[in-house]
Amino acid sequence: MKLKQLEGFLGDLQQFSNPKVELEQYPTGPHIASRMLFTAENSYGDISDKVVADFGCGCGTLSAAAALLDASCVIGFDVDPQSLETATLNAEELEVEIDFVQCDVTKLELKGQVVDTVVMNPPFGTRKKGADMEFLSAAMKVASRAVYSLHKTSTREHIKRAALRDFNAKSAEVICELRYDLPKLYKFHKRKEVDIAVDLWRFEPRQN
Amino acid sequence: MRLIVHNMLTCNIKGVINKFPLRIEAEKVIKKEVDFNPDFLRHMLAKIEWKALVDGARSMGYTELPDHAPALESDEPFLRKFHHALLELNLEEGSLVCQESGRKFPVEKRVPNMLLHEDEV
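First to last, the protein sequences are chains A and B. Numbering follows the numbering used here, with no gaps: position 170 of the first sequence is 170. Numbering follows the numbering used here, with no gaps: position 94 of the second sequence is 94.
Since the hints were made in silico from the structure, they are not lab data. Computed from a predicted model, the values in this text were never measured in an experiment. Hints are supplied without guarantee of correctness; some may be wrong.
If you want the footprint, here are the derived chain B segments under chain A, 3+ residues with CB under 8 Å [unchecked claim]:
#1 3-9
#2 47-58
#3 108-117
Backbone N, C-alpha and C fix where the C-beta goes; we use that ideal spot for every residue, glycine too.
All chains, please: the whole structure from these sequences, using the hints.
And the structure:
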């Protein structure tokens, strides 16, 4: 599948109808989502024929991208039942198979080494402090091959240090820097649109 | 919920030691065909908890899996059964039950709800 094609499919997905600010629910736009997964597959082979988990899947954009890039199994995890309903509809629309689990990923314990790759657009920690680190810690415990994650560029040094020192990372690389377009979703947003610099990270866990 | 997912879910209630596997109480099971990928299946064989898969499949009405995975894993008839159990059976409605605490995690519209109550964390 070509990048433009993938981006097109993802652009048709339904997004949050009533986003919950305390969960930092923002859609992962098709531009970022397609590039993230396309890179994971074409540069690293981390998606096709792999078991891929999407942490904080929301409406399932990253999950859908993984499925379209031929992951052999995609599992979306999220705490919010409404998002999971939208994600289920999105999967049906695209005619792809995605399993969903309702849970708090930061409290989840998954057995075994079944999951190869974790992809995620985690909360940045603007509502619940430290949420970004909790998601990263959880992902590093679950993935056997790689974790792909988006974090604010302003947190780059902090993330690198924590990943290598505390979260069992063999490597922690910023693959590229992206601009995340956040449309005015919530009443407290003053500007019509805001542009945040985010890093796309690839972490490799040490073998357990 | 498919059995590939069930094979990783544990009960993470504070204090519970016997967290895996969760026993399945099936109310509605659907079957959905999925493309057969023998390489992927062989790769999964080493990672799957076999007994949990066999018991899970039985709870969902599928009894064709052998008690132990055969030594000759390239045997296609076996891989077809493994494929069916792992990827084509889907629990639409039912519960996942923690063997130690008895806590039931509901499965509705194929989605298991593993959220803990405040006193369980």
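Q. Which hints, by number, does the structure contradict?
A. Failing hints: none at all.
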